[in-house]
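For this one, chain A is given, so just place chain B on it according to the hints.
The listed protein sequences derive, respectively, from chains A and B. Each residue of the first sequence is one higher than the last, beginning at 1 in the numbering used here. Each residue of the second sequence is one higher than the last, beginning at 194 in the numbering used here.
Calculated from the structure, these hints are not laboratory results. No false leads were mixed into what you were given.
Among chain B residues calculated to face chain A with C-beta under 10 Å, some are:
(1) D204
(2) T285
(3) T295
(4) G296
(5) W297
(6) I298
(7) V299
(8) P301
(9) A309
(10) V314
C-beta: ideal position from N, C-alpha, C; glycine also.
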Amino acid sequence: MSPNPLDIAATADTAALADWTPEQQIAHMLELCEAQMESAMCESDLAVDSLIKAFSGLAESASSLNAMASKLTPEQRKAFEGVDLKKQMESIERQMSAAIIAFQFYDKLTQRLGHVRYSMSTLAMFVCDRSQAGQRDQWRRLYTTLKRLYRTEEEKQIFNMMVEGASADEARDHIHQSTQTIRIGAAGEIELF
Amino acid sequence: MSGNQVILAVDDSASMRQMVRYTLEGAGYEVVQATDGVEALDFAKTRGVDLVLTDINMPRMDGITLVKELRGLDNYKFTPMLVLTTESGPETKMRGKQAGATGWIVKPFNPEQLLATIARVL
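For reference, chain A alone in the conformation it holds in the complex (with noise of 0.2 Å):
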């Protein structure tokens, strides 16, 4: 005789009320939000990997064009009366230098996504032990573990700001604060030992 389908989903409910904690769900719900992140993560991997594509193919064509230019004779020139060609090609070049400097933040991005998973992990891991999750210098050592892993000076400057006490709402300026200097396409400095 088969057993009953109530019987098993009411053993399974008995067993998953015996293993409940509220540790457990807050880990549950921290890999949770790491698996979306992962997805989120993959999806835009590809379409990344697509417009870098498309940025090399754009990037080969501008040279090509920019040879055959620089080969005109004075005849084929007069063809583009009125097209300053050196200045179009130059502006391409500007445009492509933003964009490179522009796909950089993308694996910036990548990276420090990448730390915010790892500390999701840790956490989840250590809210699911007691004997260190109840004592204040095992804390003190997660952050200290999870400090280390910040290594650009936002990710350090957010860590700082949040474990001496600001408020989300200062985080939030000064997050605000920095994108601006990423709207004005600022490059990383430059130190020659």
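Quick look at chain B alone, frame taken from chain A:
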């Protein structure tokens, strides 16, 4: 003068390698690529390069260890080695300097500035 000079670009990010390659090849350099320090070191031992441009955080071998390992090889004692990274902390920079790096470039790089820096150290 960039004619025939070979630059080894090391980064685990394919998009970063692509951006570096586009920038440097456009200026006439030959670009060879590696995805981490181990691959870069193997390559450098079999073929000479004129400059190394490396990220720091990579699987298997990081960029600072790579610079240190390369400086230990006779062929690379005086080769310019630039670190291209998102990190700008003074401690990490100091580790790079002590390992033998020639300079430090914080991502995102500006193509013109990167080319000017490379021309200066080559």
